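Chemist: Protein chains in written order, with our numbering: chain U, 1 to 491; chain S, 492 to 820; chain P, 821 to 940.
Everything labelled a hint here was simulated from the structure, so no lab data went into it. Keep in mind that this is a model prediction, so the values were computed, not measured. You can trust all of the hints, since none of them are fake.
Ranges between beta-carbon positions, derived for each pair:
hint: 1; chain 1: U; residue 1: D364; chain 2: S; residue 2: L580; range: 39 to 45 Å
hint: 2; chain 1: S; residue 1: A510; chain 2: U; residue 2: L295; range: 40 to 46 Å
hint: 3; chain 1: S; residue 1: A617; chain 2: U; residue 2: S453; range: 57 to 63 Å
hint: 4; chain 1: U; residue 1: R24; chain 2: S; residue 2: E737; range: 22 to 28 Å
hint: 5; chain 1: P; residue 1: A938; chain 2: U; residue 2: S58; range: 54 to 60 Å
hint: 6; chain 1: S; residue 1: G743; chain 2: U; residue 2: D364; range: 45 to 51 Å
hint: 7; chain 1: S; residue 1: A498; chain 2: U; residue 2: H4; range: 48 to 54 Å
hint: 8; chain 1: S; residue 1: A599; chain 2: U; residue 2: G279; range: 31 to 37 Å
hint: 9; chain 1: U; residue 1: R25; chain 2: S; residue 2: A510; range: 50 to 56 Å
Where a beta carbon is used, it is the ideal one built from N, C-alpha and C, also for glycine.
Below, each chain spelled out in residue letters.
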Amino acid sequence: MSEHLPVLQVVIPLLCAPLALLVRREAAVRTLAFAAAAASFAISVALLVSVLADGPISYPLGGWYPPLGIEYRVDTLSAFVLCVVSGVAAVLLPLGPGRGGHGLPSGRLHWFYAALLLAQAGLLGVTITGDLFNVFVFLEISSLASYVLVGLGSDRRALRAAFTYLVMGTIGGTFVLIGIGFAYQMTGTLNLDDLAQRLPEVRHKSTMLAAFAFLSVGVSLKLAVFPLHQWLPNAYAYAPPVVSAFLAATATKVAYYLLARLVFTVFGVAYVFGELGLGWLLFPLSLAAIFAGALAAIRQTDVKKLLAYSSVSQIGYLTLGLSFASLSGLTGGLVHLFNHALTKGGLFLAVACVVARSGSSRLDDWRGIGRRMPWTMAAFVAGGLGLIGVPGTAGFVSKWYLVQAALEAGRAELALGILASSLLAVVYVWRVVETAYFRDPGGPETRAEAPLSLLGPTWVLIGASLYFGVFTEWSAGVASKAAAMLLGVGP
Amino acid sequence: MIPLISAALFAFLLAVAVAVARTRDLFAAAMLTGIFSLLSAGLFTLLDAVDVAFTEAAVGAGISTLLILGTLSLTGSPEAPPRRSWAPLGVVALAGGALLYATLDMPAFGDPGAPAHLHVAPEYLADTPEDIGIPNVVTAVLASYRGYDTLGELVVILAAGVGVLLLVGSGDGGGGGERALGSESHVRMREKLVLRVVARRLVPFVLLFALYVQFHGDYGPGGGFQAGVVFAAGLILYGMIFGVDEVRRVVGPRAVEVGIAAGVLLFIGVGVASLLGGANFLDYSALDPHDPAHGRHLGILGIELGVGVTVASVMTAIYYGFAGRSRRA
Amino acid sequence: MTLAGHWIYWAIVALMMVGLYVLIARENLVKKIMGLNLFQVSVILFYVAVAKVRGGTAPILVEGAGDVVYSNPLPHVLMLTAIVVGVSLTAVGLGLAVRIRAAYGSVEEDELDRLDEADP
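Chain U on its own, in the form it takes in the complex (with noise of 0.2 Å):
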C-alpha cells in the first residue's frame, strides 16, 4: 500500500468532508476532521522520509502516465511543504471554529468541519500535483473554502472581507486559468516537467511571456505579494480566529510554494531572472511589502489585524529570499514558509484564546491581561520574539539566512534593511505587551486562563517555532536541500 501514499495524503480528508456532511454529530465529525489531518500529516512525513533516502516519487492517477495523464510529484521541495500544511492543520483541525469568534449555530458546525477539511485537502493537493491544471482545480477547492470560512467571522464586516477576498481571488484564479491556457497553447502538454522540457523552444514567444506574466500575477494575487495585498488584512482580521490561523498558517505558503515552483521548476531560473530580469521588480516590492506591512502593523487598535499586517510584512521576507535566487536566498525563503507557519498560526490562536474569553481582540479591552492569562500572553510573547527574530527563535533562523543572502549579493544595504525592519516589529510586538503586563484593566484581575483545548495546541506550535530555533535540522536542514534542488545544484 505505501506506494499510493501520495493519493492517499489528499484522499483521506478529500473524503472525510463529505463523510462530516453524513455523520453531523460534533464529537464524532471533530475526531474525524483529527484523524484524518493525523493520518495526513503521519503520511507526509513518511514521504518525506522516503525522498531524502530514494528521490523523487511520481505517482501515476488513474493509471496513466504523464504527459498523457495527471501526475502526483513528490520531491524534497513538495514533501518539506506538504509536512508544513498537514502538520499544522493537524494541530489546528480538531479546534473547528474554536469559541466565540464565529457567529455559526450548532446545528451548523459538522459544516464548518467540512470546509476545513475541503481548504486542506485543496492545499495538499496543489503542493503535491505535477499538472498545471490540476494545480488550477485544487486551488480553486481551497479558495472556495477559504472564501466561506473568512465570511464566517462574527462581525458582519467578515461578510464584506469575504467578498473582496472572493473577488481578488477569482482575479488571480482567472488569470492563473488565463496563463495555463497561454502556456497550453504553445507546448501543447499540462505537466510541469513536460512543459518545462519544451519551453526553451517557444520561451522567446510574447505568448510565452504572457503566460509567464498572468500565472505569476495570478498566484501572487493569492499569495498577498504587494500592492496585490488588500484583501489580506481584512480577511484575517474579521475571520474566526482558528481559520486566521489556518489561513496565515497554509494558504499564503503553498501560494508561495507554487510561485517558486513555477519560477525555478518550470520556467528556469535563466530566463526569469537572466532574461526578464524580474528580481528588479521582485526586490523593491519585497522591501515595500516588509515596511509597509510593519508600519500599517504599527498604527492598528486590534490585535488580529496589527497580526494581519504583520503577515504582510512577512511576506515580504519570503519573496525577498526568492529574488535572490541564490541558495542561501532561497534557503531563507523556504525556512521562513516553515518557520512564519509555527509562528503566525500560534500567535493567531493565542488570539483565539482570549477570544474565547473575553470575546475581543480590540487592543484597548488587552489591558492586563497578562495577568489574567499568563500562560496565553507567555505563548504570545514567544510568538512576538519570533516575529521580531531574536536569536533562539525560528524567525531569527530565517533572517540569518536572509542577512547572509544580501551579503553573498553584495548588498549590504538590504541586509540593513532586514535589520531595521526587525526594530519595527519590535514596536508594534511592544505594543501588545506593553497594553498586556503594563496598562491597567480598571476591574477586577481574576485568573482565567483560556481552555486547556485552546492552549495546548497554541502551545504546541509556539514550542514548535522555539525548538526550530534551535534545532534546524528539519526545518533549515530540509529547505536548504529543497533550494539546491530548485536551483540545480543539488540532488
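Knowing the structure of chain U, use the given hints to seat chains S and P on it.
Modeler: For chains S and P alone, coordinates are given in the frame of chain U:
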C-alpha cells in the same frame, strides 16, 4: 460562411457585454448575462465544443441566471449611479495590453500545425477506441485519462454546496416570513392555469431527459454533470410554479444533504475500489481483472453517476437555501 | 500574425476586458458577480478557440470514417471544469451578497464603506 456567423456572434456578444456594463437596471443586466451565456454556447457549437456548449447553456444561461435573479429579488435593483474612477480603467488597460501582446506570436486560429494539436491530444483521439471503447473522446478524457481533475471538479461543487449551506442555510431556518424565489413567485404563478398544467406534464420529461443525458454521455454530448444540472432544473422549475415547499415535501433538505455526500463518496469509492484491485487510484481497469476495457467502462459509469447525484443535490440545496431566505428589507 | 488568423483572439480579449472592468469597477456586489461571469465565459471562449482545428468536427469519433479531422478535445474537458468552478464561485459570491444585504441593508460598496466607518 462559418467565419461570418462567428463574426456576427462576436459582435452580438460584445454588444450584450457592453449593455450589461452600462445598464443600471439589474434585472435587465441579469437577463443579458444569461443571453451572453446562450450566445456563447452557440459559438461553442460552431467551434466544435458541443459538450462545453451544452454545459454552458445549462449552467450559464440556466442556473447562474436563476441564482442572480433570486439574489436580486432579495437585494433589489437598480444599482446606484456609478462613481467615475480611473484606477479600474488603468488596470483593465494594463491587462488588455498584456493579452493583446500575448496574441502577437499565437499560432493562427484553426491552424492544424499548432503545438497544442500535435502533442498529447492526437494520442487521446487515436487511443480512445482501444483504451476506453467509447466514441466521445471528451468523455474519455474527462472520466478516465484526466478523471482525477473531474474528482476535483466535483469537490469544487461540494465546496460550493457546503459554502452556501454555511452562509445562507438549508432553507428551513428562514422562519416563516415572505419567501424570495419560489414561494413569492408561485403565488403569482398559481393563478396561471396553463403554466400549471404544462409544468405538471413537462417536469417528468425534464427528469427523464436528465437520466438520458446521464447515461448517453459516452456516445454523444452529456454526462453526469449536465444530467445533474438538468435534473435540478426540473425540480427548480416545479418549485417556481408550485412553491418550494411542494418540492421540499418530496425531497427534504436532509435527503439533499445525504445526496451531496453520497455522490462524492461514490466517486472516491470507485477510486478506492481500484486501489483494492491492486491498481492506482482511479485506474478502473482493475475493476474487471479479465477485461480492462470493460472495467474502465464500469468505472466511468460509476463516477458519472456520482457526479450526477452530487451536482443535482448541490444545485437543489443552493435553490433551497436562496428560496428559503426570508426577506429582511 | 494576420487579421484572418487572429481577429478571433482580439475579439475575445475585448470581451475579457469588459468582464474584468465590470468585476472591478462596479460598486454593486451583484453586478460584480455578473462581471465575473462575463470574464470567465470569455476565458472559456479563448480555450475553445485554441481547440478549434480548421475543417475539424466535434471530437466524437465516427466509426469507419477514414480521414475525419477532429478538433482538440483536451481544452473542452478543461473548460467543463472551468464552467463548474465559475458557477461555484457565483453561488458563493451571491450567498455572501445576500448575507451582506441582510446585515447592512445594502449591496452598494459606497454605502457599505459609509456604514462601516460610522460603526467603529
